[in-house]
Every structure is written in structure tokens, then in C-alpha cells.
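Asks: Throw the hints in and build the complete structure from the sequences for me.
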Amino acid sequence: MPDAYPLRNRIKVLRAEHDWTQAELASRVGVTRKTINTVERAIYVPSTILALRIANAFDVRVERVFWLDEEPPLG
Amino acid sequence: MRRPDQRYDLTSRKQEITDHLDRSRRAALKGFVVTYVLWQGIVLADKFWRERPGAAADTLFWPALLLGVIWLVFGVRYALVARQIASDVVVARALDDERVRHVRGAAYAVGFWSLGAYLIGARLLAFIVDVPGSLVAQGGIAVALTSAVIGFLVLDRA
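Here the protein sequences come in this chain order: S and R.
The first sequence stops at residue 77 when you use our numbering, and every number in between is there.
The second sequence stops at residue 150 when you use our numbering, and every number in between is there.
Check each hint, because a few of them may be wrong.
[Said to hold, decoys possible] Computed spacing ranges between beta-carbons, pair by pair:
| no. | chain 1 | residue 1 | chain 2 | residue 2 | range |
| --- | --- | --- | --- | --- | --- |
| 1 | R | 79 | S | 18 | 34 to 44 Å |
| 2 | S | 65 | R | 116 | 48 to 58 Å |
| 3 | R | 8 | S | 18 | 19 to 29 Å |
| 4 | S | 61 | R | 98 | 27 to 37 Å |
| 5 | S | 62 | R | 133 | 44 to 54 Å |
| 6 | R | 112 | S | 15 | 46 to 56 Å |
| 7 | R | 90 | S | 8 | 15 to 25 Å |
| 8 | R | 3 | S | 62 | 18 to 28 Å |
Calculated directly from the structure, the hints in this document are not laboratory data.
Just so you know, these numbers come straight off a predicted model, no measurement behind them.
Yeah, the Cβ is synthetic: ideal placement off N, Cα and C, and Gly gets one too.
Replies: So, in C-alpha cells, the structure goes:
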């Protein structure tokens, strides 16, 4: 069954690179750990504002964190 | 200069408090809805049996009263947790983030459609048996409230 939300992300990889837990990322972004968990698992599609906040927390461009299923991720 | 994202920064301690209050809020809501279902179930059974000879109504009074009191306790507990959340702006904002608002909206929709389905069912039932209006109204409140709360609890899982 195709995913309802074709938005992919590399939050888990970026968290591992920064050695952050979901709770730590949630703290930096100002949301609950659950929200980060659902965004990371592509269950919840974040708003543009939240997506930008997450990218800011990792100090990368938003396209490096999120991309559409039909497009290859930026390296 | 502060980075834009630093405005939303929660300390680890705050995140712990946030998680703790989130769990407390869920626990209070669960207790609230479970005792409400049991309480209203007994109250409705009481109303139903009261109209029959040899009614069980008198024996159901005390359990109904007890469950009503427990329900109130959970309601007060939920209000206290909500007050605690509201007292900290950062925690309150985190616990009312966009996902929670999205889940709340979906839960209201669950409540709305459940109530609609219940009313259609009650109307169809009224063609067959005589259903008192007060019973339908009481059931409607119970269906709307419990389905919305259960919807929130299910959709808020992560």
C-alpha cells in the first residue's frame, strides 16, 4: 500500500550524527518528544514552520532533512 | 545573537516535566473516560430497570454514586494537571504544539461523527420501540464525550 504522505526525512540519521535523543531534539525545537517521534516515522507531516525549526536545530537547509518521495534527497 | 530556534529551546529538565505532565494528562483522561462510561452505564441501566417491577434500581444507586465521585476526582485531577501545564509558558506551548492541535481537531471530528451515527441509530430504534427523549439525550452526551476523548487518546499515542 503506498504511503499517504510521501514526505521522507533523515531526522534519525541527523540525530545520530549529533548524538541527540528524540527528547533532546524536541527540547531544541520546542515540541513534545512524541511529535518528533511521529515526524521521524513519517506518521505526521510537519508544518513548514516546524520543518524549518528542525532544520535550524541541525543547522542544515530544510531540503537536507525533508524531501518528497519522488525526488532524490540532497546529499 | 540568539539563533531563531533558540526561542523555542526547552531544557532537558523542562522536557522531563513536559513528558511527565503529558503522561499525567493522559492518565487523568483515561480515568475520566473509563469511570464516566461505567457510571453512565449504571445510571442508564438504573433508568431502564426502574420502570420494571422488582427493580434493581436501589442496589445500583450506591455504585453509581461511587463512580460519579471517582469520575469527579479524575476531572479535578485533569483540571489540576491542566493548571500546572498552563503555569509554565514553555511547557504549555510544547504540550499544545501543532501535532497536539491536529490530533485534537481529529478527535472532535471522531466525536461529531460518532454522535451523528448514534442519533441515526436512535432514530431508527424509535421506529421499533418507544425511546424516551431524555435517555437519547443522555446517551448522546455520553457517546460524544467518550468517543472524542478516546479518539484523542488513540490518535495521540506515539
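Asks: Which of the numbered hints above does this structure break?
Replies: As far as the earlier hints go, not one is violated by this structure.
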